[in-house]
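Protein chains in written order, with this note's numbering: chain A, 1 to 94; chain B, 95 to 482.
Worth flagging that the hints you see were computed from the coordinates, not collected in a lab.
It should be emphasised that the depicted structure is a prediction, and the values quoted were computed from it without experimental measurement.
Simulated crosslink set (DSS-like; lysine-lysine; CA at most 27 Å straight-line): (1) A:Lys-37 - A:Lys-48; (2) B:Lys-367 - B:Lys-292; (3) B:Lys-302 - B:Lys-150; (4) B:Lys-131 - B:Lys-462; (5) A:Lys-59 - B:Lys-323; (6) B:Lys-292 - B:Lys-366; (7) A:Lys-5 - B:Lys-421; (8) B:Lys-421 - A:Lys-22; (9) B:Lys-366 - B:Lys-96; (10) B:Lys-450 - B:Lys-367; (11) B:Lys-131 - B:Lys-218; (12) A:Lys-22 - A:Lys-37; (13) B:Lys-450 - B:Lys-421; (14) B:Lys-302 - B:Lys-366; (15) B:Lys-422 - A:Lys-22; (16) B:Lys-292 - B:Lys-302; (17) A:Lys-48 - B:Lys-422; (18) A:Lys-48 - B:Lys-421; (19) B:Lys-422 - A:Lys-5; (20) B:Lys-218 - B:Lys-467; (21) B:Lys-422 - B:Lys-450; (22) B:Lys-323 - A:Lys-48; (23) B:Lys-450 - B:Lys-96; (24) B:Lys-462 - B:Lys-450.
For the chain B half of the interface with chain A, some residues (derived, Cβ under 10 Å), not all of them: (25) Asp-250; (26) Thr-252; (27) Leu-255; (28) Ile-284; (29) Val-321; (30) Arg-322; (31) Gly-334; (32) Glu-339; (33) His-347; (34) Gly-398; (35) Asn-416; (36) Asp-418; (37) Gly-438.
Here are the simulated distance ranges between beta carbons: (38) A:Gly-36 - B:Lys-367: 29 to 39 Å; (39) A:Gly-36 - B:Pro-328: 32 to 42 Å; (40) A:Thr-29 - B:Asp-437: 13 to 23 Å.
Ideal Cβ placement from N, Cα and C applies to all residues, glycine included.
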Amino acid sequence: MNDRKLTAILISPRDNVATVTKDTLPGETVTYLRNGKTETIVSAGVPKYHKIALCEISKGADIYKYGEIMGRAAQDIPAGAHVHCHNVTSGVKE
Amino acid sequence: MKFYGFRRPDGTVGIRNHVLIMATVGCAAETADLVAKNLYGAVSFINQNGCGESEKNLQRTRDVLIGMAANPNVYGVICIGLGCEINRMDEFIPMLRVRTGKPVEQLLIQEEGGTINAAAKATKMAQRMIIEASRCRREECDLSELILGIECGGSDATSGLASNPVMGLVSDAVVAAGGTAMFSETVEMIGAEHLLAKRAATPEVAEKILERVRFREAEQAAVGDDVRKTQPSPGNRDGGITTLEEKSLGCIHKGGHTPVMEMLDCAAPPTKKGLVLMDTPCYDMLSVTAKAAAGCQLIVFTTGRGNAIGNAVTPVFKVTANSDTAKKLEDNTDLDMSPVLTDGVSLETMADETLKDLAEVLSGRLTKAEVLKFGYSEACISRICDYC
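Just need the whole structure built from these sequences, with the hints factored in.
As structure tokens, then:
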């Protein structure tokens, strides 16, 4: 761990999204822990307590949070993007 | 952990000592309120049912009314009816008697000659009962005698990250001490039901969890509704929750890590110790009412956006891990868990702090909602084709 303050929480190392713990501006570096090691990602602008994509997520791919599937990408989501209702659909059947 | 509660003749333990003025039909609810609001030590809650309802709905009404009356936080009950309702007093009282031997009085507005006469008679009955109740003394009790309800409402991303996981550890501690922890809100299990079914104590419990989840989805679909249109709620979405399954995955953390011993029907009292689930919609008012009717003596309510509700018979202790909410809704929030997210306080440390607070509340410390005298209008009874 380094001295940089953590600004996002990754719950499971399997997750492809993290939750930011402060409002982040476009271009701002977000810092989180994966398996005890610090990682960073550049935010595209994500509000406090919302999710940030930690890698590119292709349309139709599963979104993982808590180590579980929480939805699927409705469009290609670039790394660092805000992941929310505009680009994710529920997998719960109609 | 010990606490000081009221030991009831049936062996249960109450953490409050209310006399309940209960309308057995909607037509008597104002009269019941007229009695309760003037008396120290009396509580009441709004009941809009008990007549003009189908047989199955009548059964749900009776399950909730009987459960509220039987809750160990209630010393005794004054039942007020109208006289011509479907929920006939002469049928209802024997059903209530099967569940509880506590003091019960009854009267009908039509027999007493109107609201004022009925209220006067009920007030005299209640005054005598409240004085009797006041002779009860708190005794040392054990966590094994507790049924702790855990509710979540107005969730945001902090609920799944902190307040629900903290309550999961509290739930584990209650279960380890031989007590019972209960959570409900079946709609908020959709998308996470496979994880709960895996933790079921028996294959029958696992199947009932899965069956109830399927039923809740189908129930909405049968009237042309889609549960995903109302869940997550607008506030959940503003707070960073995107999909129903994300909400569910966060919600089930409040049940900790122990096996699921049973999946109860709405308002049914647990038959087992340990972690139990109850099948209810996720409308908080309804789910809290059902937990109180199932015998929970205390409910911890985790919230992200903030919440104001209480309950007439069961104290509702509010916690949040959202630092903004803890400040803005300070008068509704009993415990601020936000240091978990802002100061790196561990979930375990916050769970210990929560248990210390809960021991105080179990022993008589009031919740914010109790001081505000909340609860009368905050009762909601489950329906056939239900809330979501």
